[in-house]
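Based on the sequences and whatever the hints tell you, model everything.
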Amino acid sequence: MKRFLAIITLCLLFSSFTIGCERASLNRIGKDVYYVQIKGEGTIEKVEGRNLRNYTLPAYDEDGVKKQITFRSKKASNEHKLNENAFLCLYVDQDDKSKNEISSIEVKSYEEVQEADLPAKVKEKLNAK
1 MKRFLAIITL CLLFSSFTIG CERASLNRIG KDVYYVQIKG EGTIEKVEGR NLRNYTLPAY
61 DEDGVKKQIT FRSKKASNEH KLNENAFLCL YVDQDDKSKN EISSIEVKSY EEVQEADLPA
121 KVKEKLNAK
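Under our numbering, read the sequence shown as residues 1 to 129, first letter to last.
Each hint should be verified, as a subset may be incorrect.
Unchecked claim - Cβ pair distances, simulated, as ranges:
1. P58 x E111: 17 to 23 Å
2. I8 x D95: 17 to 23 Å
3. V47 x R3: 46 to 52 Å
4. K39 x S98: 23 to 29 Å
5. A120 x F14: 15 to 21 Å
6. N85 x N51: 18 to 24 Å
7. F4 x A128: 56 to 62 Å
8. L13 x K39: 20 to 26 Å
9. L13 x D96: 16 to 22 Å
10. A128 x E48: 36 to 42 Å
11. S103 x G40: 28 to 34 Å
12. R28 x R3: 33 to 39 Å
No lab work stands behind these hints: they were computed from the structure.
On a predicted model such as this, the values are computed, not experimentally measured, just so you know.
Cβ atoms here follow ideal geometry from the backbone N, Cα and C, with glycine treated the same way.
Structure representation (structure tokens):
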């Protein structure tokens, strides 16, 4: 009986930990990180009756290496564009790291970051202060 209760307790702890972790965080583990600055409104694409806003922007990794990245806004209402001049950190899962372009399928998650949090080489490339 004690063994059964111990197993049930461990299962409950594990499941509550798993549920407690934000799904987006799990999408970020082991991914390549690129930084972009939002410029423009992006383009609206209608998919299955939903308006999705796509952005294609130059992005830089921590070493200042440039790639062209396409990604979709996660906003609930994609009628609203992302904040102009905002800095985003994109988490990318690329199969071929030698490619200069990254599609929206390879961008797993993103988050807005402050200018002060950008790596020095990225600030230089994005002409940030």
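CB-CB spacing for K39 and L13 relative to the 20 to 26 Å hint: Between L13 and K39, where Cβ atoms are some 46 Å apart, the hint is violated.
Against the range 33 to 39 Å, how does the distance between the Cβ atoms of R28 and R3 compare: consistent or not? Holds, since R28 and R3 (Cβ atoms, about 37 Å apart) stay within the stated range.
If you check the beta carbons of L13 and D96, does the distance land in 16 to 22 Å? 40 Å, violated
Please check whether N85 and N51 have a Cβ separation lying inside 18 to 24 Å. 23 Å, holds
Within 56 to 62 Å: is that where the Cβ-Cβ distance between F4 and A128 falls? 58 Å, holds
Assuming the hint says 28 to 34 Å, is it satisfied by the Cβ distance from S103 to G40 or not? Since the Cβ atoms of S103 and G40 sit about 19 Å apart, the hinted range of 28 to 34 Å is violated.
Using the Cβ atoms, figure out if K39 sits within 23 to 29 Å of S98. 26 Å, holds
Pairwise beta carbon distance, I8 to D95, judged against the given window 17 to 23 Å: Violated, since I8 and D95 (Cβ atoms, about 41 Å apart) do not stay within the stated range.
Does the Cβ pair P58, E111 satisfy 17 to 23 Å? Holds, at about 19 Å.
Just to be sure I understand the hint, the distance between the Cβ atoms of A128 and E48 should be within 36 to 42 Å; is that true here? 37 Å, holds
Falls inside 46 to 52 Å, the C-beta gap from V47 to R3? This hint holds: roughly 51 Å between Cβ atoms.
I want to verify a distance hint. Is the separation of the beta carbons of A120 and F14 within 15 to 21 Å? For F14 against A120, whose Cβ atoms are near 40 Å apart, the range 15 to 21 Å is violated.
Of the numbered hints given earlier, the model fails hints 2, 5, 8, 9, 11; all others are met.
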